[in-house]
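Student: Residue strings, one per chain:
There are 2 protein chains.
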Amino acid sequence: MLERVEIAFETWGSLNADRSNAILICHALTGDQFVASANPVTGRPAWWPQLVGPGRVIDTDRFFVICSNVLGGCMGTTGPASSGPDGTPWGLDFPVITIADMVRAQAALIDALGIGTLFAVVGGSMGGMQVLEWVARYPDRVICALPIATAARHSAQNIAFHEVGRQAVMADPDWCGGAYLKAGTRPAKGLAVARMAAHITYLSDSALQRKFGRTLQDREALTFGFDADFQIESYLRHQGSTFVDRFDANSYLYITRAMDYFDLAAAHGGTLVGAFAGFKGRACVASFSSDWHYPPTESRIITRAMIAAGIEVSGFEITTDKGHDAFLLDEPDFARALEGFLGASARQRGLA
Amino acid sequence: MLERVEIAFETWGSLNADRSNAILICHALTGDQFVASANPVTGRPAWWPQLVGPGRVIDTDRFFVICSNVLGGCMGTTGPASSGPDGTPWGLDFPVITIADMVRAQAALIDALGIGTLFAVVGGSMGGMQVLEWVARYPDRVICALPIATAARHSAQNIAFHEVGRQAVMADPDWCGGAYLKAGTRPAKGLAVARMAAHITYLSDSALQRKFGRTLQDREALTFGFDADFQIESYLRHQGSTFVDRFDANSYLYITRAMDYFDLAAAHGGTLVGAFAGFKGRACVASFSSDWHYPPTESRIITRAMIAAGIEVSGFEITTDKGHDAFLLDEPDFARALEGFLGASARQRGLA
Numbered sequence: 243m244l245e246r247v248e249i250a251f252e253t254w255g256s257l258n259a260d261r262s263n264a265i266l267i268c269h270a271l272t273g274d275q276f277v278a279s280a281n282p283v284t285g286r287p288a289w290w291p292q293l294v295g296p297g298r299v300i301d302t303d304r305f306f307v308i309c310s311n312v313l314g315g316c317m318g319t320t321g322p323a324s325s326g327p328d329g330t331p332w333g334l335d336f337p338v339i340t341i342a343d344m345v346r347a348q349a350a351l352i353d354a355l356g357i358g359t360l361f362a363v364v365g366g367s368m369g370g371m372q373v374l375e376w377v378a379r380y381p382d383r384v385i386c387a388l389p390i391a392t393a394a395r396h397s398a399q400n401i402a403f404h405e406v407g408r409q410a411v412m413a414d415p416d417w418c419g420g421a422y423l424k425a426g427t428r429p430a431k432g433l434a435v436a437r438m439a440a441h442i443t444y445l446s447d448s449a450l451q452r453k454f455g456r457t458l459q460d461r462e463a464l465t466f467g468f469d470a471d472f473q474i475e476s477y478l479r480h481q482g483s484t485f486v487d488r489f490d491a492n493s494y495l496y497i498t499r500a501m502d503y504f505d506l507a508a509a510h511g512g513t514l515v516g517a518f519a520g521f522k523g524r525a526c527v528a529s530f531s532s533d534w535h536y537p538p539t540e541s542r543i544i545t546r547a548m549i550a551a552g553i554e555v556s557g558f559e560i561t562t563d564k565g566h567d568a569f570l571l572d573e574p575d576f577a578r579a580l581e582g583f584l585g586a587s588a589r590q591r592g593l594a
Numbered sequence: 243m244l245e246r247v248e249i250a251f252e253t254w255g256s257l258n259a260d261r262s263n264a265i266l267i268c269h270a271l272t273g274d275q276f277v278a279s280a281n282p283v284t285g286r287p288a289w290w291p292q293l294v295g296p297g298r299v300i301d302t303d304r305f306f307v308i309c310s311n312v313l314g315g316c317m318g319t320t321g322p323a324s325s326g327p328d329g330t331p332w333g334l335d336f337p338v339i340t341i342a343d344m345v346r347a348q349a350a351l352i353d354a355l356g357i358g359t360l361f362a363v364v365g366g367s368m369g370g371m372q373v374l375e376w377v378a379r380y381p382d383r384v385i386c387a388l389p390i391a392t393a394a395r396h397s398a399q400n401i402a403f404h405e406v407g408r409q410a411v412m413a414d415p416d417w418c419g420g421a422y423l424k425a426g427t428r429p430a431k432g433l434a435v436a437r438m439a440a441h442i443t444y445l446s447d448s449a450l451q452r453k454f455g456r457t458l459q460d461r462e463a464l465t466f467g468f469d470a471d472f473q474i475e476s477y478l479r480h481q482g483s484t485f486v487d488r489f490d491a492n493s494y495l496y497i498t499r500a501m502d503y504f505d506l507a508a509a510h511g512g513t514l515v516g517a518f519a520g521f522k523g524r525a526c527v528a529s530f531s532s533d534w535h536y537p538p539t540e541s542r543i544i545t546r547a548m549i550a551a552g553i554e555v556s557g558f559e560i561t562t563d564k565g566h567d568a569f570l571l572d573e574p575d576f577a578r579a580l581e582g583f584l585g586a587s588a589r590q591r592g593l594a
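Top line first, the protein sequences correspond to chains A and B. Here the first sequence stands for residues 243 to 594, numbered as in this note's numbering. Here the second sequence stands for residues 243 to 594, numbered as in this note's numbering.
Simulated from the structure, these hints should not be mistaken for lab results. Note that the structure is a prediction, hence the values are computed from the model and not measured. We put the beta carbon where it would ideally sit given N, CA and C, even for glycine. Hints may contain errors.
Said to hold, decoys possible - Some but not every residue of chain A turned toward chain B, in silico, with C-beta under 7 Å:
#1 GLN399
#2 ILE401
#3 GLN409
#4 ALA410
#5 VAL435
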């Protein structure tokens, strides 16, 4: 039980007089609150600049946009790297948290901002799980729900890949049973391997083939050794090593666990229809054809259950070879669909 | 350069008078020579008992069946765990080997057995790569080629998964830069993580869901911790830990490297048709619908190139949800097709 939770968040735009124009954006596993501006700590650019900003799909000139770092994260919100009751980092004494806990923390933030109802809750991947949890937990506080490239529960394969990542972290002796911050070490190699394995699942086979194929990295011929001969090897190693600089290993364990535990139907009497029963708003469910991490079939299950629950829901699938990461990339048809849905919903609510 | 190579092999059945009934079976990445009888070292059962044995598809009452441990392996054939010139284990001083090297070693074995022409060369996965290499390198020594669930070159995604595995091994401090045998250690944790990641790619998403889903392991409820709550986690950990007992970590590095390097077209003027041009035998190319490791599209590329090379080739795809591992499992339609192809080929050659 956490007695006190700090939530790090960013906002863009202004809340209107009747507080009806707030949009909450929920980030993915390794995301952060810097959806529309650069992260000052890591220097990384905004992660959804095509969609969020002045004049964009999620128009910060019209909407008050909020994005907070998830509970258990490592970008300012309380997580396993935060100081525990004894003044030292929590480590594995941090309680295992759930997607529902993340959403409860967001609701507390929304309360603190004096906002009763969110015009929209939007998120992709784990962000989409939070959107679904908002619909189920706070059905009266959400007008529009936009779960993107997500699932209402992790499949065995999803859990399997996460477990590989966790085992890679825990196999690193520098993990020190989770107490690496106290020990002054960091499980950099293990976390890098975890990120490499996960990263493969974010891209489609065909996109990897198109981008990398069997192209060699800065060499004319195979070296017959274990260096990164192929570009794809060099790319993956880079993904692993840069990730380690910006992410806490225990946060990775806790957040992947929260995703694995997420099972919206199970938490609501065994059916998704039951989970969605109280929601009176509108929903838009998006997926990407080559996403094998959260394939379109998972989105269709969500859409069908929402229809069965009497929700006004539109589901669409974007044809792309960019895999799961497509939701973060420039996909014009995707952007146009979100824009149309949000625009119509805003007009319906009398939002200028 | 290896001055002297030992090859560990097993045979079943008898060579006929004109030495025309020999079938070479090539094993996969973590396989061994014990295709039709139990491995006396590990105690593991024969790995292809449905297909190979008396009265089976590859009938040891009719054929002389040979299976050897690949070069670079760890079941008796010379590999990185073997003693090098200084009498201590090779470790990373072992030369990087290729699929072609493995096949050259097999050809030397066939020579030593006094066999000029093989009635058939059969193999799945990496074994299928060896079959293709046989066709390209020794076209006059093979009557029937049966490459199964394989590819003529590794895709970027294939290389990516292998690189994750290698990095997991190398991240383990007990790997000791490859000199763990001299150091008296073993990179057990790293190799287990590598095996876990690889194992996911051998199974289909739907088979994992059917077999494991979100079923809990010996417990009634989630424990909110990092133990193996889910059966799939427990299963993967078991796959990792048992693999470590039977496989050498450096062999894993060398053999995965050989697979990544394999590019049959590149080695033959840039086209597969060129690689197959000299082959006058028959071929049967098999794939499995849910195999995303070596998907049916890869087999179709092989079949098409063989047709273009004027080879009498039949390609078929088995509809199954068992993924890549289907080639090792009980798939009656698969067995019947192999049986028909081998039977017709044997009759054509006048083999009783």
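Student: Compare the structure with each hint and give your call.
Tutor: Tested hints:
At about 5 Å, the closest approach between the beta carbon of A/GLN399 and any beta carbon in chain B falls short of 7 Å, and the interface hint on this residue holds. Interface hint status for A/ILE401: upheld, as the beta-carbon distance to the closest one in chain B is roughly 5 Å, under 7 Å. Restraint check, A/GLN409 versus chain B: the minimum CB separation of about 5 Å is within 7 Å; hint holds. Interface hint at A/ALA410: satisfied, since its Cβ lies 5 Å from the closest Cβ of chain B, which is below the 7 Å cut-off.
Against a cut-off of 7 Å between C-beta atoms, the interface hint on A/VAL435 holds, since the closest Cβ of chain B lies about 5 Å away.
Taken one by one, the earlier hints all hold for this structure without exception.
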